[in-house]
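Trainee: Here is how the chains run, residue by residue.
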Amino acid sequence: MLEIKTLSKYFGGVKAVDNLDLQVERGEIVGLIGPNGSGKSTLVNLVCGVLKPTSGEVIFKGRSMAGQLPSARLKHGIARTFQNIRLFGGLTVWQNLWVARNSTEDIQSQSILRRWLGSSTTLKREIETMLEFSDLADKADVLASNLAFGEQRRLELARAVAAKPQLLLLDEPAAGMNQAEVAELEQRIRSLREQGITILLVEHVMQLVMGVTDRIAVLNFGSKIAEGTPNDVQENAAVQEAYLGHSDQS
Amino acid sequence: MDYYLNLINTIGIHTLLGLSAYLLILTGQVSMAQAGFFGIGAYTAAILTVIFEWSILSAIGAAMLVSGGVAFLVGFPALRVKGLMLVVATVAFSEFARMFFYNVKWRVIRDGAEIGPNGTMGFPEIRYFNDNGWLNWEVTIFLWVFVAIVMALIWWSDKTRIGAVLRAVGEDELAADSTGINVTVVKVAAMTAGGVIAGLAGSLYAHQVTDLDHHTFTVLLATFAIAYPILGGLSNVFGTLIAVLFIQGLLVEGLRFLGDWRMLLFGVLIILAMNIKPLGLFDNQTIRILRNALGVKRQSDSV
Amino acid sequence: MEDFWYEFVEVTQAIADGLLFGSTYALIGIGFTLIFGAMGKLNMAYAAAALGGAYAGLAGFVLIKAPLVLVFGISAAAAAGLGYAIYFACFRFIPVNNHLAALMASVGGLFFIDEVVVHVTRGSPLTFPSMFSDVFFELGPYGIRGDLVFVFIIGLVSTGVLLYILFRTRLGLATRAVAQQDIAARLCGIGVHTTNSVTFTIAGILGGVAGAMTAAAVGVLSPVMTVPLTVKGIIVAVIGGLGSIPGAIIAGLFVGGFENVFLYFRGIDERDMYVVALLFLFLVFRPNGLFGTAITRD
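Residue numbers (numbering that gives the first Met the number 0), protein chains in the order written: chain A, 0 to 249; chain B, 0 to 302; chain C, 0 to 297.
One thing to keep in mind: the hints can contain errors.
[Claimed, not checked] Below, simulated PhoX-like cross-link-like pairs (lysine-lysine); rule was C-alpha separation at most 20 Å, straight line: (1) A:K74 / A:K14; (2) B:K81 / A:K123; (3) B:K104 / A:K138; (4) A:K223 / A:K14.
[Claimed, not checked] Chain A is faced by these chain B residues, among others (derived, beta-carbon under 7 Å): (5) A147; (6) D157; (7) R160.
Simulated from the structure, these hints should not be mistaken for laboratory data.
Glycine residues also receive a C-beta, built at the ideal position from the N, C-alpha and C atoms.
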C-alpha cells in the first residue's frame, strides 16, 4: 500500500533521511523505531507531504505522491497525528472534529453549501461516533486547550481517524503516557486495525511497539539498520548497538 | 443634529471597514489592504453614479464586485507572503491604489458642467443623495441597514462550520492542511469577502461625504481597519463594533477639543496602551491567532 | 538616430543621478534592516527619528551658524538620541514575542515625532543648507552634481564605519550575537536590552546622517517627507532582504536609480506608484529579497 523508494531528505549537510526503502502492506501495523534524531519524524513529514524529499519517492496505492499537499494526501487516504499535539486550542472538541475532513462518503454526498454549513445529520452522527470511540462524548463543548493531556491525545487521534483514512501515521502517540494509558492506546490501535486501517507507528515506548506491531523497522542516522518481527529486532546486534542500553527494554 | 448623524455614519462605515479586516484576521492574515479596497469601492461607485448615472443600489453592487474581484487577485500573491511581510505587502498595495486614484482623471461634460474624478484635485460633486432628495437621516438608516446585514451574516456564519474553519486556519495552518482543510481556498475566500465588504464601505462613504480625496485612503485608514477587530477581540462581531465606538466616538471626536494637539496625544496614547496592556485588551483566541499570523514561533513548533 | 542618443544620455543621466541619491535610501534601508535583523521587528518611527535629527541639525545651522560638518554631526547625535528614546518607549518593555504591539507603538512614535515637528515649524518647509551645490562636473554629455557626489561619499564613509563597528569591535559582536540567539547571549552575560538600545542608537546615528543627506540633496526639510521616506526605507530593506546590510545598500542604490528613471518617463505623480509596484513584485516573487539572510552572516 505504501512504498518508500530511496527516499532522502537533506537539510544542508545533515542527512535526516538517507536512501530509505520501506514498504507497508495493507492491513499491517508497522512500527518505526530508532534513537532520537534518527529521522523518524522527518520520515513521517515526508510521507504526509509536509516536507519535500531531496530525492526518492513516496508511492501510495500505486500512485506517486510527489507535489501533493497534506490536504490532498488526506483525500487519497493518508492521515497522521502530530508528535507535539496540534489541536485547534481555541475551538471546542466538537469543532475540532467538525472542521477536520470527515469521511469521503460524507463529503461526496452533499452540496458544497451543506458541507460549509456543516449541518448535515450524517456528519453530526459521525462526529458523535468518533467522540464515543475516543471517550470524549461528555467533553464535546470543552475548549481543546482546556483538555487534560490524555484527552488531548485522544482527540488528536480521533481527528485523524475521522477522515476514514486507509493509512494512518502515528507520531509518538504514547509519549508522556503512563502504563494504563498505553494499554488503552494499544486497544484503540487494535480496533482501528479491525476497522481496516493500515498503521505506521513511530514510537519510543517499547511496551507499545512490541505489543501491537506485526513488523518493525529500525532507523539510525536516517537509514534503515534492521527490519523484522519484534522478536527479531530485539535480538539484532546492530539495533542493540544503536540504542546502547535500551536493548533490555521490552 | 447633522453633526451627530455624521458621526453615526462614520461609525457605521468604519464598522464595515473593521468587519472586513475581521474576517481576514480570523484566518491569520493581518492585512493593510482594506484601505485600498475601500478606495476602489468608493471610486467605482462614485464614477457609476456620477458619470454613468446608475442608481445607488446597482452602483454599490457593482463596486462590491469590482473590489471583491481585485481582492481575489490580491489573495493569491498574499498566500506567498507571511506574517509581518504580509503587512508590508498589503501596505504597498494600498499605497499603490491610493496613488492610482491620485492620478485618475476622467472629466465629462454633463448639463454644461464638468464632473468626474479630477486627478490630484480629488473627486468632488458626488451628489447622488442630494440630487435624489434623500434626507440626512434617510442616508443614515440606509447605511446602517447594510451594516446590520453584514454583521448578521458574519455572526451567523460564525455559528456554522465556516467560522470554525476560518479560525482553525488562523490558529494553525499546518494542522489545518493536515486535517484536510484547503487552506488556499479559505484564505483567498476570506480576502475576497474582506474586499467585498470594504468595497461596500467605500461606496457608501463616497456618497455620504460627496467629495473624494486620495488623502483619505492612507495607511492610517488601513491601520484603523485592523485596529478595530484586534482591539475588539475576535470572539464575535460586536467586539469590532464596540472598538469602533470607542476609537471613533471617544478618541477621535472626544479629543477634538484638543485641536492640533490631537495627533500628538493619539501617538502617546498608542505607545502607552501598547506598553501597559499589549495583550490585555485581547482574549486568548485573538492572541493565539495573532501569534500565528505574525509568524511568532511557539516552542511546540517543531513538527 | 540623434533622438535615440539624446534619450539614451538622458536616461543614463537619470540613472546616475538616481544612484547617487539612492545612497540616502541605502542608509535608511540599512537602519531598518539593522533593527529587523537584531530584534525581528519593524521600527516604523525610524525615518521620523532620522528627519527629526536633520531638523536638529538645521536648528544648529540656523541658531549658531554651525558649519555643515557640525550640522551633520548634530543630526546624527539628535537622531541617535531619538532612536534610543524610541527603543525605550516602544520596544523595551513590550514582550519579545509581541511583534504587533511593538509595530503599533512605533507607529504611535511616528505620529508623535511628526506632530512635534509640525508644531515647532508650524508646518512650513524649511531650506536646508547644501554643500557643493554649485559644483558641477562635466563628463562628456553627462553632468554630475557635486552635492550628490558629496552625499554619496558621506554614505560610503558611514557604511564603512558601520561595518567596521559591526564586524571588528566587541560591541558589534555582541549585537550580532543577540540577533542570532538572544537567550544564549544573555546566558553569556551580554545584556540584551543594552545591546538592543545600542543597536537602535547606532541605527539612529546612521539615520541622522541619512536625514541630513536627504535634506541636503533636496535642499528642503518638511514634515511631509516622513511617510514617503519611511515607505521607501522599508521598501529598500525588504528588497535587499531583511537583515542584510549589503542587500540594503544595493537595493537603496537600485531604488534610487529606478525611481529617477520613472520620474523621467512618467513624471512625479506616477513615480512613486512604480516604486511601490516594484516592492509588491519582490514580495511576491522573491520574498526574501536579494540577499535575505540574517545580519549575522559574515
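Trainee: None of the hints should be skipped; say for each whether it holds.
Mentor: Do the hints match the structure? See the list:
1. A:K74 / A:K14: 30 Å, violated
2. B:K81 / A:K123: 35 Å, violated
3. B:K104 / A:K138: Violated - the C-alpha atoms of K138 of chain A and K104 of chain B are around 61 Å apart, more than 20 Å.
4. A:K223 / A:K14: 13 Å, holds
5. A147: Status violated, d = 22 Å.
6. D157: At 11 Å from the nearest chain A Cβ, D157 of chain B fails the 7 Å test, so the hint is violated.
7. R160: This interface hint holds because 3 Å falls under the 7 Å limit.
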